[in-house]
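With the sequences and hints as input, model every part of the structure.
As given, the protein sequences belong to chains A and B, one line each in that order. Residue numbers for the first sequence, in our numbering: 1 to 304. Residue numbers for the second sequence, in our numbering: 1 to 301.
Calculated from the structure, these hints are not laboratory results. In this text, all values refer to a predicted model and were calculated from it rather than measured experimentally. There could be a bad hint or two in this list.
[Claimed, not checked] Partial chain A-side listing against chain B, Cβ under 8 angstroms, derived:
(1) GLY103
(2) MET106
(3) ARG107
(4) PRO108
(5) TRP110
(6) ILE128
Note that CB positions come from ideal geometry on N, CA and C, so glycine has one too.
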Amino acid sequence: MDRASVADVARPAIRWRTLSRSLRGGLKGGEYAWAVAFVVPYVAVFLAFVAYPVVYGLWMGSEASLYRELFADPIYQSTVVNTVLYLALGVNVKMFLALLLSGFFMRPGWWMKALLLIFVLPWAVPQISTFISIHWMLNGEWGFLNNVLYTLFHVEGPHWLNDRWMALGAVIVSHIWKWTPFWTLILLAGRMAIPLEIRDTAKVDGATGVRGFVYITFPLLANLYLICTLLSTIFLLGDFNAVNFVSGGGPANTTHVLATLGIRNAFEIAQPRLGVAAVMSALPLVIPLVIVLMRKLRTAEVQL
Amino acid sequence: MSTITAEARLAARAVSRAHSSVRLRRYLNTAGTLVLSLVLIVWTIAPIYNMVLISLEPEGDVFTDHIWPRVPSVESFWGVLTQGHWYLEHFWRQFANSLYIGAMVTFFALLFGSLTSFAIGRMRLRHGWLVSNAALLTYVIPASFLAIPFYRIMQNYGLGNNPWSVISALVAFATPYAIFVFQEYGRSIPIEVDESARIDGASPPQIYLRIYLPLMAPALVAVGTYALLLAWNEYLYQFLLLSSKSSMTVPVALAQFLSSDQSPWNYMMATAIIYALPPVAIYYAFRRRMTAGLTVGGVKG
Numbered sequence: 001m002d003r004a005s006v007a008d009v010a011r012p013a014i015r016w017r018t019l020s021r022s023l024r025g026g027l028k029g030g031e032y033a034w035a036v037a038f039v040v041p042y043v044a045v046f047l048a049f050v051a052y053p054v055v056y057g058l059w060m061g062s063e064a065s066l067y068r069e070l071f072a073d074p075i076y077q078s079t080v081v082n083t084v085l086y087l088a089l090g091v092n093v094k095m096f097l098a099l100l101l102s103g104f105f106m107r108p109g110w111w112m113k114a115l116l117l118i119f120v121l122p123w124a125v126p127q128i129s130t131f132i133s134i135h136w137m138l139n140g141e142w143g144f145l146n147n148v149l150y151t152l153f154h155v156e157g158p159h160w161l162n163d164r165w166m167a168l169g170a171v172i173v174s175h176i177w178k179w180t181p182f183w184t185l186i187l188l189a190g191r192m193a194i195p196l197e198i199r200d201t202a203k204v205d206g207a208t209g210v211r212g213f214v215y216i217t218f219p220l221l222a223n224l225y226l227i228c229t230l231l232s233t234i235f236l237l238g239d240f241n242a243v244n245f246v247s248g249g250g251p252a253n254t255t256h257v258l259a260t261l262g263i264r265n266a267f268e269i270a271q272p273r274l275g276v277a278a279v280m281s282a283l284p285l286v287i288p289l290v291i292v293l294m295r296k297l298r299t300a301e302v303q304l
Numbered sequence: 001m002s003t004i005t006a007e008a009r010l011a012a013r014a015v016s017r018a019h020s021s022v023r024l025r026r027y028l029n030t031a032g033t034l035v036l037s038l039v040l041i042v043w044t045i046a047p048i049y050n051m052v053l054i055s056l057e058p059e060g061d062v063f064t065d066h067i068w069p070r071v072p073s074v075e076s077f078w079g080v081l082t083q084g085h086w087y088l089e090h091f092w093r094q095f096a097n098s099l100y101i102g103a104m105v106t107f108f109a110l111l112f113g114s115l116t117s118f119a120i121g122r123m124r125l126r127h128g129w130l131v132s133n134a135a136l137l138t139y140v141i142p143a144s145f146l147a148i149p150f151y152r153i154m155q156n157y158g159l160g161n162n163p164w165s166v167i168s169a170l171v172a173f174a175t176p177y178a179i180f181v182f183q184e185y186g187r188s189i190p191i192e193v194d195e196s197a198r199i200d201g202a203s204p205p206q207i208y209l210r211i212y213l214p215l216m217a218p219a220l221v222a223v224g225t226y227a228l229l230l231a232w233n234e235y236l237y238q239f240l241l242l243s244s245k246s247s248m249t250v251p252v253a254l255a256q257f258l259s260s261d262q263s264p265w266n267y268m269m270a271t272a273i274i275y276a277l278p279p280v281a282i283y284y285a286f287r288r289r290m291t292a293g294l295t296v297g298g299v300k301g
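Below is the structure:
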């Protein structure tokens, strides 16, 4: 009896100690306090400036009637078509060009190095500067593009930004112009990471040119290519600047994408809830993308 | 004898034919490279050339049809630098605002990012993975989707038209990348370094300051440039949250040009070029580090 009572008294203490040890993960008291203190600033930033806006946004866009109003809006309907086109063409054309160009830049020689330096310029120059420049370039009367067409070929160019499909095309091409260099550099780094022995062995075995690409290079790059495509999809979905500055959503609100329509609804026609609803309607696409990306990125490595 | 010479001649002819086909292929190869290079250069340069072309036009001469500057003049650059146009009366103030926001975002993203990754990656804080997952989640949420609720919240806090509202938003979006890169980079530093310092009696802040930060210097440089450029190039949050002329930043001022009826295009392009110079210089100076850091885990997939 005596023994049992001793054990009964001692057990909670032991349980408490193991519990607190499992919480601290083997850190001693003082060190544990430091570790927590080190994490607190970021956790606070996350809660105040990411988690809170997310919850606030979900609350703002939680009424079903908002979506009825939104889906009935013809501007919203054309926006969905634009967003799908922008995603499908913008992401895939850009990534495919980047894949081909990264192979081109693998060639040896000083000329390729110099060319690469020029080629990354669109990525280095801020978006606002270049998109404003492209906007003026496409001006029907005084734009650089039509001036070139007239000077070289004596062709009167069209008013590029006055037509929905040409304006949307201009936005997509601007996006491709701006972001191809960045993804080319990443895929180039991926190609460089393929060990030289593999490439040499493949060459000896007769896998050169197209066959080398199909059987050796692409299988090794496929995972990276997939991650880049997914990341680029999510970045493009959130892209505001290209549409806002190249076409401005015009003519007559026909070239908006979800990101710009949300801002337009919230601030131009002062209906913030309708703006949030426009953005929220992308969630069925965003959520699966985020889940796949989180899994892929967690296992990935960074090279510096 | 004759058969041997004939065979030799045949062999020699075959060799020379092979040589010429190799030469032809090499020639075609070079020609292809040249053509593709030319196309790439024209494609890349066109919008930038357009920017330079218009900025070199003297005032009022923007509406022309020539494709090279007929009378190049640096008048508009001078106008920007001396705040000589009524649109540009706060240019240097706005430039300083951009710089201030960039510096603050860089500092806090590096500080919070390195502290968090130190606690999770080096001190092995239990449940630290929760924090890194929260960070990763932030990285893959489009920032523009949170702009409307963020604007409302800042109005509720009374932080409208305050640079700190922009700084806090950008720190929230830059720090996850910092945590991600620091944690991955930290794996290349053996944990025994920290442990031996611990045995010698160093406290966690001492290990962080004296050992962790110096060893992480390359990663700090890469993430620092990333955060600085993120803040310098960002537009949407700065546009929504900064409204007065003296508190706005250069990109917001630049976009205001665009919305006016009589846009002074030569001043606008000169401003765009001056605004683009610092990031371009940084890109080229830190090129290697940037591309290495920006692969965000891609490379080894």
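Hint check: 8 angstroms Cβ-Cβ cutoff, A/TRP110 to chain B: violated, 12 angstroms
Interface hint status, A/GLY103 versus chain B (Cβ within 8 angstroms): Because about 11 angstroms separates A/GLY103 from the closest Cβ in chain B, which is outside the 8 angstroms limit, the hint is violated.
Supplied contact hint for A/PRO108, tested at 8 angstroms Cβ to chain B: violated, 11 angstroms
A/MET106 as an interface hint toward chain B, with CB separation required under 8 angstroms: violated, 12 angstroms
A/ARG107 as an interface hint toward chain B, with CB separation required under 8 angstroms: holds, 7 angstroms
Proposed interface contact between A/ILE128 and chain B, which counts if any beta carbon pair is under 8 angstroms: Check passed: Cβ of A/ILE128 comes within 4 angstroms of chain B, closer than 8 angstroms.
In summary, the structure is inconsistent with hints 1, 2, 4, 5 from the numbered list given earlier, while agreeing with the others.
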